[in-house]
Amino acid sequence: MPEDLNWAIGGEAGDGIDSTGKIFAQALSRAGRHVFTSKDFASRIRGGYTAYKIRTSVDRVESVVDRLDILIALTERTIHENEDELHEGSVIIYDGERSTMQDVEVPEGTHAMTVPLKRLAEDAGGAIMRNVVALGAACQVANFPIENLDEALAKRFGDKGEAIIENNEQAARLGQEYVAENYDLDTDYDLETTDNDYVLLNGDEAIGMGAIAAGCRFYSGYPITPATDVMEYLTGRIEQYGGAVVQAEDELSAVNMALGAARAGARSMTATSGPGIDLMTETFGLVATTETPLVICDVMRSGPSTGMPTKQEQGDLDMLLYGGHGEIPRFVVGPTTVSECFWKTVEAFNLAEQYQTPVFLVSDLALAVTEQTFPPEAFDMDEVEIKRGNVVEEDEIDSWLDEQGRFQPHFPTADGVSPRAFPGTTDGAHMTTGLEHDSLGRRTEEEEVRVEQVDKRNRKVQTAKEEEDWDYREFGDSDADTLVISWGSNEGAMREALEFLDEDGHDVRFISVPYLFPRPDLTDEVDAAEDVIVVECNATGQFADVLEHDVLERVERINKYTGVRYKADELAEDVAAAIAGDADSTQEVEAE
Amino acid sequence: MSSDVRFVDFKSDKQPTWCPGCGDFGTMNGMMKALAETGNDPDNTFVVAGIGCSGKIGTYMHSYALHGVHGRALPVGIGVKLANPDLEVMVAGGDGDGFSIGAGHFVHAVRRNVDMSYVVMDNRIYGLTKGQFSPTSREDFETATSPDGTGMPPINPLALAYASGATFIAQSFSSDSQRHTELVKEAIEHDGFGFVNVYSPCVTFNDVDTYDYFRDSLVDLSETDHDPNDPADAKSKILEGDKEYMGILYQDEDSVAWNERQGIDENMADIPDGAPEDAMDLVREFY
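In order, the protein sequences belong to chains Z and X.
Numbering-wise (the numbering used here), the first sequence opens with residue 1 and increments by one.
Numbering-wise (the numbering used here), the second sequence opens with residue 1001 and increments by one.
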């Protein structure tokens, strides 16, 4: 277990909780300490309880825990909201001179530390700096050298001028000195510093940075919690690389703009959350059938409907795997950590272009709002590979024209991947459509062509299954009888849970799955274990269903997708063939 | 761009399945002529079409093209243009696609003023689904789904565009080939969003808004003293409910397309084969 300290600042939305917390997290990170942050927040601008929590250690931290050591409470409610996490020896810093907090009672065993935050802030130049006074007080309690705050303050207030930065530095010191002069607490909190070099970022930022690294140049989206940070990250940055961010009028428009940009040859992306996926689903079939490479990021939150917009849930898996009418070839990739949000984004763009399919990048609120420290090498840009797939250059176009000189954007190749000619390519002009089409991209209802095109689109998925790595991440004891499987952000908490379980004598093998479709075949792993437990943040166990499906005994399948219904005699023949064990019975779809 | 492109180069070898006499033939021919006469060729042109009879246009024309989902052709066109501003982007659709299911996108595409053209084949009826009322159908128009009329005033597309801050509003008639072609050319050459509402009669399901009706009622603005650059003049013509006009209703001469004002001028398809050179700076920002 890491030697950790758990710190929080809480108050009302609009109290500057977030930016104050971020300053402290950055100070810790710059001081060479690992940081893992979380947020309690409500979907409103002002009012309502909100908190920014930091777990910090010299060793890596991968999760939050149910313990709070130092709490800066700007409101009385903040103390009540965290009552269960406070313990014997926790320190609660608050402004005892504030009219609403004069009669505050702190839980038994905790230390009440009243600091005149507002008065000291005014002494330093303005009441607005009261949170920074509290940070200074916290530094003293945690035995954290206050100089470490200065760099973070400079970063936060850099654009406001030297005087403002100095005032803030002074405010922090007034808070620190007040505690030093008035309290002599018997606590042993000690935030030692190291020479380690860390960056601090959240999952949405990692996705945005991954997109730029991967060559994404077009982003269209519609703001929605908790995906908006992807868009805000890209705004102002992607332009420096020749790209653009467009805030569309709705998600329907956002996904269609992204589709248009992708047809023009740009690496293109949109990000949203469940309600936006609902709307965009209209277009996913079009993306898939026109074989357009597109990355759609779903940062999941609690549903259904508007649900709990600022709360965690992994409830969209079924929709991403199966949503939309008809059958849509697609990939679903789900990063399991903040740094993996970066790498899986890069991978998503490669998969999209190599296989000309929609790729769902599924993240969740816990990853989106967690700021975590990493050594910068965790994002080594030299490791970023760009794979664009079968893009046809002008001098190769001839080999993809039919006898009449027409380019064939949906040519049924052996691996299913057709040539792609970007608009502007001489002799590459072609159409494509959401209607079933032939290799030229033109409408057809001919049974043979329909089957050929369905098969070629599905063949891409088969090719990808064979050609790409769909590995899982493994932790714990690989020989253990107990197998725990999870996806998404649960990885961090489960990794640390392994240590708790180990202390209690439980050996556990833990598999974290970043690929939801295609996904690793876990049949052997499931067979080898006595107990298999699937962990996920939803009520029905959507991933558990999928795994149970994967390890089921196979049924025989008879399929027909020519667009013509089953006929009795034909069906009898197919069933008879299946009974006779004719392995080809499922291939009867070839138009007769 | 070759200078000897003819309009037939924009024609595909697929024969249209529109009903004989459909206005969409004339509308499409004018679009092809306008594209050729403005120096475009099929390899630098992207046509986006919606759903409906009008949506079939991508199949009958030869260019880069996408036939998308109902009502969303405009966002696709915007995405194409922003990703590669060198392309000539033309979006085509019908009155249902543009003013019913896609009305929200129409309003915002007009506002955004991206450099592209939008040709709406307005026949005031749903043809492909065999004759239900459309958003531009008259209030007393009787159809299978409006036996006593729609009971709603029709949308005035020109007014909707004007209210949304349009910089180019024109209206043409599919059977007046010369004027229709001229107006689409103007829309293409306009620096911004060029909107042309084309009366494109449905000979099968609409016996009210017929060729004869439009021939008799249309007033060509080029034969009047209408000043398309004068907002007051434009507004009064657009809001005159009982008159049918052909020509440029309004054009903002100072219009500069949104993409130009935003400095969006690169072909976004061109990217390095690894992360951008200075990409580690992005990581260092997180110190």
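It is worth saying that the hints were derived from the structure and are not from the lab.
Virtual Cβ for every residue (Gly too), placed ideally from N, Cα, C.
Please note that a few of the clues may not be correct.
Stated by the list, open to error - Partial list, derived from the structure: chain X residues whose beta carbon lies under 10 Å from chain Z:
no.	residue
1	ALA1065
2	VAL1080
3	LYS1081
4	ASP1086
5	ARG1112
6	SER1255
7	VAL1256
8	GLU1277
Return the numbers of the hints above that this structure violates; sort them in rising order. 6, 7
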